[in-house]
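Asker: Chain order of the listed sequences is A and B.
One point on numbering: in our numbering, the residue at position 2 of the first sequence is 2, and numbering is uninterrupted.
One point on numbering: in our numbering, the residue at position 8 of the second sequence is 8, and numbering is uninterrupted.
By construction, these hints were calculated from the structure, which means they are not laboratory data.
Among the hints, erroneous ones may be present.
To be clear about the criterion: a stretch of chain A counts as covered by chain B if any three or more of its residues have a C-beta under 8 Å from a C-beta of chain B, and this derived list gives those stretches [said to hold, decoys possible]:
hint	stretch
1	66 to 75
2	192 to 203
3	282 to 291
4	411 to 421
Predicted model only: the values in this text are computed from it and were never measured.
All C-beta atoms, glycine included, are put in the ideal place defined by N, C-alpha and C.
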Amino acid sequence: MKDNKFHFDVIVIGGGPAGLAAALASNEKGAKTLIVEREERLGGILKQCIHDGFGLITFNKTLSGPEYADRYIRKIKEKNISIYTSTFVSKVEKIGKRFILTLINSKEDVFQVNSKALVLANGCRERTARQVFINGDRPAGIYSAGTAQYLTNMMGYLPCKNCVILGSGDIGLIMARRLTLEGAKVIGVYEMKSTPSGLSRNIMQCLEDYNIPLHLSHTVTRVIGDSKVSAVETCRVDENMKLIDGTEEIIKCDGLILSVGLIPENEVAENLNIEIDPSTKGPKVDHNFRTSVNGVFSCGNSLHVNDLVDYVSESGKYAGEQAATYEVDSYRRLVDIIFDKKEFLYVVPQSIDLNSIDKDITIYFRSKDVIEDVKVEFYLGDKVVFMKKYNIIKPPEMEKIILNLKSFSVSNIDNLNLVMSKIKEGV
Amino acid sequence: MEFKKITCIVCPNGCKLTITEKNEELLVEGNKCKRGIEFGINEIKNPLRSIASTVNTIYKEMPRLPVRTDGLIPKSKIFNVMREISKVVITNHVDINEVIIENVLNTGVNIISTSSLVEILKEEYPNGG
């Protein structure tokens, strides 16, 4: 074929942990694979996550972000995998059974590549100040936690010396410690909810170790400052997250760091009219990570925001394998997993393809609230085929269960349910 | 008898440990694995932590090289170790996991690089098909 150079089996969009694992798995299955990455280097956000704690599940070792990424990048370079870095995807179309991507970079200018399958591994973005309704002035000194992390760890600039952190997400907690280590004072972490958003271990090792106060049920309502932040106004909130009048407090500071949540990035998915789940804000997928558009797979943080990179890699690997091996004309029998929104924040995958249950099926979920002594059951029709008991389930800590449906007859099954229920005391 | 409640930081599980002193012996409860016992006892006797930071380099492609301790250091020495790390300027092509400071402040722990300047300064990716 004359345009062989631009002709692929699988194109992976994004060269972070999900994309790297997807590309490796796809290559392993014999598919001609391309990674498109908009940054200069592969590794995604891991490049700036210099703290350790990565890879405990995958490598049984605690690594820093760059080390975790390095293990995958080295493997990628050994394989015959094509990579375009500093390259943007400007357009994605599906023409017939193939995907045509228009790419832009400084070397090749505007050009097109095409493939049989597409893996979306675009990652996620941070919520901004405007998305959490902070009022007041708009001076310099308001950073997302990720930006503060980039400036500190990649550039070596300390973004502020006396700061307030809004939100107790993991990146915010990690940055509280990081800025403290670099000599800044973190006045406090303010969290609107009555429970922390980040992992318990990060509350301990990032805040308690450094005596950084955590103010639960508090938020920042206003930023004060002309050219640079000079203070913020904080306020208590009640159990319905309504501001409590008269509890406002002005806190002098030179920076406000926001760690108020992450949202899957799905511009490419939207271009292809892929169905999005409003609770994950990522594509709806079946257990093979196939989206609503045939040939498009989604993984990592663009599918749903994970708390551990190990899970990101795991979904990338599986999506990559599936993208490499899926049959274009295969017929899926999708049945949605039904759950109660009062119990679960979300469940991924959103459906199971009952035509392909020959392998173990992994289900990820987050609970709606912190809840103790519960069991989670999976119903195939009206039969319980899985049960697990939990001492405690917390929304910040994603849970994972593995189903084996191989031995069940599914021909008459048209409903699947995930149910959480309290274990009665004394039973 | 004295109680202390702490969160184990060995893995993301974050077990809630209760440490009790009984006849001069420390008892750890609430741990899901063995590592929790060691962590709990250390937390009372001599709390240990690992730290990660960056060191200066002379390369504009990578102005900061990430580093970490290759073992645990006493919690009380964290800021002293940070001071040692901040003195370093990298002037050669360091690879990943090379020793940057050997036996930092006699802790028996090295400061090692966690990224590869060699790879980054090579900057070659097999572009295209």
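Asker: None of the hints should be skipped; say for each whether it holds.
Answerer: Each hint tested on the structure:
1. Counting residues of the stretch 66 to 75 of chain A whose C-beta lies closer than 8 Å to any C-beta of chain B gives 4; at least three are required, and the coverage claim holds.
2. Counting residues of the stretch 192 to 203 of chain A whose C-beta lies closer than 8 Å to any C-beta of chain B gives 4; at least three are required, and the coverage claim holds.
3. With 0 residues having a beta carbon nearer than 8 Å to a beta carbon of chain B, the stretch 282 to 291 of chain A misses the requirement of three or more and the stated coverage is violated.
4. Residues of the stretch 411 to 421 of chain A with a Cβ under 8 Å from some Cβ of chain B number 0, which does not satisfy the need for three, so the listed coverage is violated.
Consistency with the previously given hints fails for numbers 3, 4, ordered from lowest to highest.
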